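Chemist: With the sequences and hints as input, model every part of the structure.
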Amino acid sequence: MKRELEILIDQNTWPKKNKLPHFPKSFHNGSIIDNINIPSMLLMIGYLTTPTSSTGVSLSEFWAWIRYLSAVTNDKDMRLTDSFYALDAHQKTILSDDFGMGVPMLWLMSSLSLNQIVDGNYFIQKIAASVNAKSVKTGKRGPNKTPDFVAKDHYGDWHVIECKGTQSGPEYSDKQLGIKGKKGTGGIVQKKSIIFPTGHTGQRLACGLSIGIENRSSSLLKIVDPEPDEPFEVDEQNMIYAEDAITRGVLSKYLRLSGLEITAERIAAPLGRTPDITRYKSRTAERHRVEWVREREQRSYFELRQFLDTRKIEKYFNGRERVIELPRPVVVDDKIISKVIIRQEINNEAIEDLLIRQYNDEPIVESFAYRLATARRNRIMSTEFASQLNFGEIFQSEIILSR
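Take the sequence shown: its letter number 206 is residue 205 in numbering that gives the first Met the number 0, and every next letter is one higher.
To be clear, the hints were calculated from the coordinates, so they are not data collected in a lab.
Just so you know, not all the hints are guaranteed correct.
As the list claims (entries may be wrong) - In silico DSSO-like links for lysine-lysine, alpha-carbon gap of 30 Å or less:
hint	residue 1	residue 2
1	K15	K144
2	K314	K280
3	K75	K24
4	K91	K334
5	K311	K338
6	K75	K144
7	K75	K91
8	K1	K338
9	K174	K91
10	K280	K174
11	K75	K1
12	K311	K75
13	K1	K24
14	K338	K91
Keep in mind that this is a model prediction, so the values were computed, not measured.
Modeler: Encoded structure:
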C-alpha cells in the first residue's frame with residue numbers, strides 16, 4: 000500500500016558555506032517523487048502520539064493504526080478521500096496534525112538514519128530538571144513553544160524538527176512554515192529551538208505537508224531550514240543529560256506501547272509524577288516524594304515480573320498483539336480488509352535489565368537498554384499489506400491488514 004508523494008526541499012534556506020548545519024548529502028535540492036508506505040505511516044503516527052510521561056489511556060493505543068485506514072484513496076499518489084475531507088473542522092485539524100507528523104518523520108527516519116525520536120517538550124523539561132534550570136518555560140503554543148521532536152541519528156548527530164500539516168493547499172502550508180505571510184510567524188521561527196555544540200549539530204528542520212484531496216490536488220511535502228529564535232542551548236558539559244533525556248523518552252514510549260505503563264512512567268519521570276520534578280528543599284515534601292517514588296517502583300517491578308512470567312519463552316521479543324475487527328470491511332488497493340493485526344513488542348533482555356537496575360535519576364547512557372536502542376539503525380520493512388518498524392534492537396512495531 001504505497002503512495003507517491005512529491006517532496007520539495009529548499010536548499011536556499013540552509014546557511015551558506017562553512018556554517019552549520021550543512022545541507023545533508025542524503026537530501027536533494029528541489030522536487031522529487033518518492034513513495035510513502037501507508038501502513039508504516041500509521042505505525043509512525045501511533046509511535047509519535049504515544050505520551051512519554053503521563054499515565055492513562057493513550058489515543059495511539061486504539062485509533063492511530065486504523066482510524067485513517069480508509070482515509071487514503073486508491074490513486075497512485077497520496078490523497079484523502081472526499082468523505083474524510085468533509086469531516087468537521089476539529090477532526091480535520093487532528094487528521095492534518097497526525098499526517099503532518101507521520102509522513103515527514105517516516106521519510107526522515109530513512110533519509111537521515113534517525114535512531115531515537117522524542118517529544119521536544121519532554122526533552123527540554125528533562126534536561127532543565129537535570130541541570131536545575133527551573134526558569135525554563137516550555138509550551139505547546141505561543142512564544143515558549145518547543146519544537147515537535149528532537150532526534151538523534153545513527154552517527155550521533157542531533158536534529159530538531161517541527162512538523163505541520165494542512166488540507167488547505169500549498170499556499171497555506173507556506174504560511175504555516177513562515178515562507179509567506181506575516182514575518183515572524185509559522186514553523187520557520189521555532190521560538191524555542193535547540194542548539195547543540197559543534198560536533199553534535201545535525202539538522203533543524205521545518206516540514207510542511209499539504210495533503211492532497213480526491214479528484215482535486217496532489218500532496219506536497221516541503222522541507223526548509225528555519226532560523227531559530229530564542230534558542231535553548233545545550234552546552235558540551237550537559238550533553239550527557241541530553242543523552243539521558245532522549246534515551247528515557249524513547250524507552251518510555253517503547254514500554255508504554257508494549258503494555259508496561261507504570262514502568263514507562265518510572266523511566267520517563269524518575270523523581271516524581273512529571274519529568275521536571277526535582278528534589279524538594281522541604282523535608283516533609285521530600286519525604287512524601289521519596290515515598291511515592293518508592294511505591295511506584297514496587298508497582299513497576301511487579302508489572303515487569305508479570306510480563307516476564309507470561310512471555311513466550313521461545314520469542315526474543317514479547318509484548319502485545321491485538322486483532323481489531325473493523326466495524327465494516329474496507330477496500331484497500333482492491334483487497335477487502337476486515338481486520339487489522341497490531342503487534343508491539345520489546346526485547347526480553349531489556350525487561351530483565353529493568354528489573355535489575357533501578358534507573359533512578361542518574362544518567363542512563365551506559366545502560367544495557369541504551370546499547371540495545373542504539374546498536375543498529377532503525378529499519379522499515381514493508382509489503383503491500385503489512386509493515387514493521389524496528390527501533391534498534393529494543394523494540395518492534397508491526398501492522399498487518401487482513402481479510
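Chemist: Which constraints among the numbered hints does this structure fail? Numbers only, ascending.
Modeler: 2, 6, 10, 12
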